[in-house]
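Novice: Here's the letter readout for the chains.
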Amino acid sequence: MKTLITARGITKHFGATKALDGVDLDINAGEVHVLLGENGAGKSTLVKVLAGIHSHDAGTIEGKASLAVIHQELALVPELSVAENLFLNRLPRKYGFVDRAEMRRRAPKLLERVGLNVDPNAKVKDLGIAQQQMIEIARALDKNSGVLILDEPTAVLTDTETDRLLQIMAQLRKNGVGLVFITHHLDEIQRIADRITVLRDGRSVGVLGPRATTQHMIELMVGRPINEQYPRARQRPGQPLLQISNLTKRGVFEDISIEVHAGEVVGIAGLVGAGRTEVARAAFGVDDYDRGSVQVDGKTLPRGNVQAAIKAGLGLVPEDRKGQGLVLTATVGQNLELATLENRDRKRLHDIAGKLRIKGRVEQPVKELSGGNQQKVVIGKWLLADPKVLILDEPTRGVDVGAKVEIYELINRMTAQGRAVLLVSSDLPEVIGMSDRVVVMAHGKVAGELPKGATQDQVMALAVQEISA
Amino acid sequence: MSTINIRKFTSENGALAGLVLLAAVITVMQPAFLSVQNLLNVGVQTAVIAIMAFGMTFVVVAGGIDLSVGSVAAFAGMVGALTAGPVGLVFGVICGLLNGVLIAYGKLPPFIATLATLSIARGLAVVIAGGQPHETDAAVTFLGSNLAPMVPLPLLLMLAFFGVTGLILTRTNLGRRMYAIGGNEEAAKLSGIDVRKQKLWIYALSGLFAAAAGLVLAGRLGSAGPQAAVGYELDAIAAVVIGGASLSGGVGRATGTLVGALVLAVLRNGLNLLQVPPFWQQVVIGVVIALAALLDSLRRR
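Chains as they are written, first to last, in UniProt numbering: chain R, 1 to 469; chain S, 1 to 301.
Source of the hints: derived by calculation from the structure; they are not laboratory data. We put the CB at the ideal spot given by N, CA and C, even for glycine. One or more hints might be untrue.
Claimed, not checked - Covered by chain S, per the in silico footprint, the following chain R stretches (three or more residues, Cβ under 8 Å):
| no. | region |
| --- | --- |
| 1 | 255 to 268 |
| 2 | 304 to 315 |
| 3 | 336 to 342 |
With the hints as extra help, turn the sequences into a complete structure.
Specialist: So this is what it looks like as structure tokens:
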């Protein structure tokens with residue numbers, strides 16, 4: 001078997017964090033090599049290093065076979081035709097002008113290779129997401145790529161579309177293309193993988209053969225023991241404070257029912273794209289939904305009305321701190337009082353800033369603070385509003401270990417005061433360690449609920465399961 | 001003042017430092033610049049643009065732009081001349097609300113919405129005027145006159161609007177929300193700020209300020225013309241930007257805008273005193289705007 005790319009000891013730092021730590025990877029012709037790992041394990045970073053998007057700090061990459069990456073976000077121009085997208089940047093030309101006849105002649109042949117039957121003159125925006133993906137693959141093949149890397153292509157596909165993609169991958173494998181396939185769906189891995197490299201915390205923790213069991217894969221993937229990084233102090237749960245009932249938004253999430261009681265932390269686990277953030281946003285009134293209801297302390301919230309949600313006692317710490325949580329042009333104090341402008345209280349503001357141990361003055365621009373302190377500002381904004389229920393969406397993403405524990409202590413303090421916390425997190429040890437119950441979502445539905453003390457395997461098994469429609 | 005303080009002061013007040021430098025250079029070349037009469041002239045000449053620019057400051061801080069202020073000023077001035085001053089103010093607010101509705105509820109980009117209002121207001125000004133200038137009544141004319149010898153009312157009005165603008169921006173919830181919306185609209189929304197309603201008020205305020213500027217202009221001239229204040233929106237935007245506001249929103253102060261408007265007026269006045277031909281004046285003003293924006297961009301890096 002011919003080895004197309006040999007990577008050895010790839011190491012990559014982002015600031016102080018080690019995203020990749022001495023990873024080895026071989027990509028062989030005629031082989032599907034699966035990269036497996038939790039969110040943040042380093043899969044995408046590794047792909048970007050291989051593709052030359054990121055430089056690596058140490059290690060070697062040999063045999064730079066021409067390589068194409070199909071990213072999750074498609075790189076197509078929606079307003080241009082299928083054919084124009086296929087030949088983007090290298091349109092066939094004649095007398096210095098685009099040779100449309102030649103383009104029309106060549107496009108169908110390319111489309112045929114991926115089994116796509118669409119009009120080359122159709123605009124890309126009028127096609128479905130699966131078809132768009134096929135166009136990207138067809139374009140990559142036309143560049144005679146020896147290696148094709150697919151970064152979670154099936155996350156956006158239906159079951160039949162996924163079947164089709166796996167067939168095409170098998171065909172490409174037969175033609176001698178080296179494929180790297182990233183997916184969270186373990187059943188897909190069992191169907192197509194020749195080799196599986198498992199990454200955890202930026203390290204390669206094992207290379208498995210095609211017959212690896214689901215059990216074995218999950219064990220390697222999560223592998224890390226839970227310890228006292230998660231100082232959850234449980235309270236006796238009181239009356240229900242947040243009741244999400246049969247919440248449905250067509251094509252996004254379906255029949256979501258979650259109840260959080262006073263003094264309780266309920267976690268929502270699941271893979272990226274399972275619909276967790278969407279449920280949180282809908283419950284808070286940011287986005288509309290089709291069916292179901294949201295109640296806070298027995299009061300039903302009107303749909304799509306953030307003001308009413310806040311008035312009823314709900315708060316949301318959004319997943320994207322800089323994009324959605326903070327006004328970066330403003331100071332710490334101005335950010336803290338953002339949700340409570342109607343009844344400003346300078347004394348309480350300084351009080352909360354002190355209690356949160358925010359490193360930085362109230363008059364300081366918030367953009368000068370570290371990630372952890374910025375997150376404390378976003379949480380502090382809601383503490384000032386005195387909410388009954390706080391939804392935390394990825395509250396410790398990009399936060400250093402010390403600040404993480406401080407945020408966990410804040411969660412404990414809130415529940416001790418009789419508030420309820422809904423904790424959305426992709427960090428499995430965190431969501432298990434800090435929640436009193438864990439609701440697992442998959443494909444926009446509740447896949448199951450696990451009591452305190454659930455293992456990571458149990459959560460992962462629910463998160464990756466295929467729900468039959 | 002130590003060196004560090006001076007550096008901090010100039011970096012935070014680049015426009016003010018520029019203004020002082022500009023005035024010094026002009027004074028050296030033409031000492032008549034510093035005469036009381038001339039300085040009062042500069043103040044009066046600043047007033048119309050400054051009042052308009054204060055309204056623009058709200059919009060720019062909130063991350064928007066209002067191209068309609070020149071037309072709205074002319075329209076409101078004309079309405080004021082044909083009826084009474086306060087009616088002109090009402091129509092200014094109506095124009096602002098139209099902008100607000102198009103932007104907040106119609107989801108139009110501010111550039112497009114206010115461009116449409118620019119055309120509508122100008123057209124209406126010409127229509128109701130029948131193409132003719134109209135004399136203003138005593139009340140409106142009073143706005144442009146001297147309260148007492150050496151006490152021009154436009155100058156006092158400008159200072160009053162300056163104070164109100166500063167108060168709104170720094171001491172009211174509306175002002176704090178402007179900074180939040182301009183700094184990060186999504187974060188503002190997720191903090192429970194009714195962004196659409198706020199935008200309505202913000203553009204209404206800009207319309208009100210533009211109308212006031214239009215009435216002061218008409219009062220100074222003693223008549224309202226359908227082609228008054230053409231292109232003033234660009235001067236207003238320039239004043240706001242020279243004053244250190246960011247067109248991407250979230251940043252801007254009343255003092256900055258006042259200084260920005262003064263820079264433009266001092267420059268025009270100085271170039272006149274130095275007998276620079278009007279067409280060259282335009283070139284110089286353009287260069288100054290580019291320099292001010294460039295300095296600001298370098299400082300932020």
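Novice: Are any of the numbered hints broken by this structure? If so, which, sorted upward?
Specialist: 1
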